[in-house]
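In the numbering used here, the protein residues as written are 21 to 293.
Since the hints were made in silico from the structure, they are not lab data.
Possibly wrong hints are sitting among the right ones.
[Said to hold, decoys possible] Here are the simulated DSSO-like pairs of lysine-lysine, each with C-alpha atoms no more than 30 angstroms apart in a straight line:
id: 1; residue 1: K194; residue 2: K207
id: 2; residue 1: K261; residue 2: K207
id: 3; residue 1: K160; residue 2: K114
id: 4; residue 1: K194; residue 2: K160
id: 5; residue 1: K194; residue 2: K208
id: 6; residue 1: K185; residue 2: K207
id: 7; residue 1: K185; residue 2: K208
[Stated by the list, open to error] Label-pair ranges, simulated between beta-carbon atoms:
id: 8; residue 1: E188; residue 2: Q47; range: 29 to 39 angstroms
id: 9; residue 1: G73; residue 2: K208; range: 45 to 55 angstroms
id: 10; residue 1: P179; residue 2: A149; range: 17 to 27 angstroms
id: 11; residue 1: I210; residue 2: A149; range: 19 to 29 angstroms
id: 12; residue 1: D46; residue 2: S68; range: 45 to 55 angstroms
id: 13; residue 1: E206; residue 2: D61; range: 32 to 42 angstroms
id: 14; residue 1: R166; residue 2: S266; range: 17 to 27 angstroms
id: 15; residue 1: E269; residue 2: K207; range: 21 to 31 angstroms
id: 16; residue 1: L59; residue 2: G190; range: 13 to 23 angstroms
id: 17; residue 1: P242; residue 2: P179; range: 36 to 46 angstroms
id: 18; residue 1: D118; residue 2: K208; range: 11 to 21 angstroms
id: 19; residue 1: S68; residue 2: P179; range: 35 to 45 angstroms
id: 20; residue 1: E152; residue 2: P242; range: 49 to 59 angstroms
Beta carbons are placed, not taken as given, at the ideal position from N, Cα and C, and that holds for glycine.
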Amino acid sequence: MRHDAHYVESLTSYSGAAVGRMIRVDQIRPNPDQPRKALGDLRDLTDSIREKGVLEPLLVRFVPREDCFYIISGERRYHASRAAGLREVPCIEKTADDAETLEIGLIENIQRKDLTPFEEADGLHRLGAQFEYTHEDIAKKIGRARSSVTETLSLRNIPDSLRRKCIEHGILSKSLLLQVARQPTEKKMIEMFHRIMQGGLTRDEARRERREEQAGPQRPQPFIFQFEPQNETFKFRIQFKKSHVSRDELISTLREILSQLEGSSSEADSTAA
């Protein structure tokens, strides 16, 4: 299922009369599989809810074994509503299993660009690991190219200690983080991190270095001797198999060619006689 439009909005947007019902805040629980680790600053949202109420319903599902509602979508609205002192909030109840709940939560965050690259990578990994989705499956679920999913998941190659440093120093550009993640060893990753920190590496430079590393050492170019007289009546060119030829070797080769030509000429004259 490809979600080109916002999937959560398609579930909660209806024309005509309002839908859903009011549910007490103390009956609602945060989603334990919420992919977003940091909710960000909720003060503006809290003030808005205190003044105007919750304008977009939360999407929830009922969990009988716990006799409560788990949030599928609307984690920030829930916490802001609690902070604003609301006792109940508008909700739309949906029947959903664990897979769909996690999927919707991921889609909401990814399509709204609320996640850091690391949170997105962890969320996609959890989706794949928990429900045995391939990269192709994940790509179809969230409406992304498979290559984009694979790239994002590669950020998990960055060790936790280095990940924390990237977050602390505000290095959260996905393109730069990918350059770190693609390094072959942890030592190389740390070196790349410091280069980015010092401002000595642009995205294009990092990509160019990566291409050169993947290409490996270039094959030696063959040595070429080329001669053209001033009257330009002919051109003479010799290509050697090796990359370096000394002056003495070149002269010896030219003499050998001349000797063979002279020998061929003598044989031709004898045959003609």
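Here's how the hints hold up against the structure:
1. K194 - K207: Roughly 20 angstroms separates the two Cα atoms, so the pair holds.
2. K261 - K207: Violated: K261 and K207 sit about 39 angstroms apart, past 30 angstroms.
3. K160 - K114: holds, 22 angstroms
4. K194 - K160: Judged against 30 angstroms, a Cα distance of about 21 angstroms means the pair holds.
5. K194 - K208: Satisfied, since the Cα-Cα distance of roughly 18 angstroms is no more than 30 angstroms.
6. K185 - K207: holds, 14 angstroms
7. K185 - K208: It holds: about 15 angstroms lies between the C-alpha atoms, which stays within 30 angstroms.
8. E188 - Q47: 29 to 39 angstroms: About 38 angstroms separates the Cβ atoms of E188 and Q47, which means 29 to 39 angstroms holds.
9. G73 - K208: 45 to 55 angstroms: holds, 53 angstroms
10. P179 - A149: 17 to 27 angstroms: holds, 19 angstroms
11. I210 - A149: 19 to 29 angstroms: holds, 27 angstroms
12. D46 - S68: 45 to 55 angstroms: violated, 22 angstroms
13. E206 - D61: 32 to 42 angstroms: holds, 33 angstroms
14. R166 - S266: 17 to 27 angstroms: violated, 54 angstroms
15. E269 - K207: 21 to 31 angstroms: Since E269 and K207 have Cβ atoms about 43 angstroms apart, the given range 21 to 31 angstroms is violated.
16. L59 - G190: 13 to 23 angstroms: holds, 19 angstroms
17. P242 - P179: 36 to 46 angstroms: holds, 44 angstroms
18. D118 - K208: 11 to 21 angstroms: Violated, at about 38 angstroms.
19. S68 - P179: 35 to 45 angstroms: holds, 39 angstroms
20. E152 - P242: 49 to 59 angstroms: Since E152 and P242 have Cβ atoms about 53 angstroms apart, the given range 49 to 59 angstroms holds.
Hints 2, 12, 14, 15, 18, counting from the list given before, are not met by this structure.
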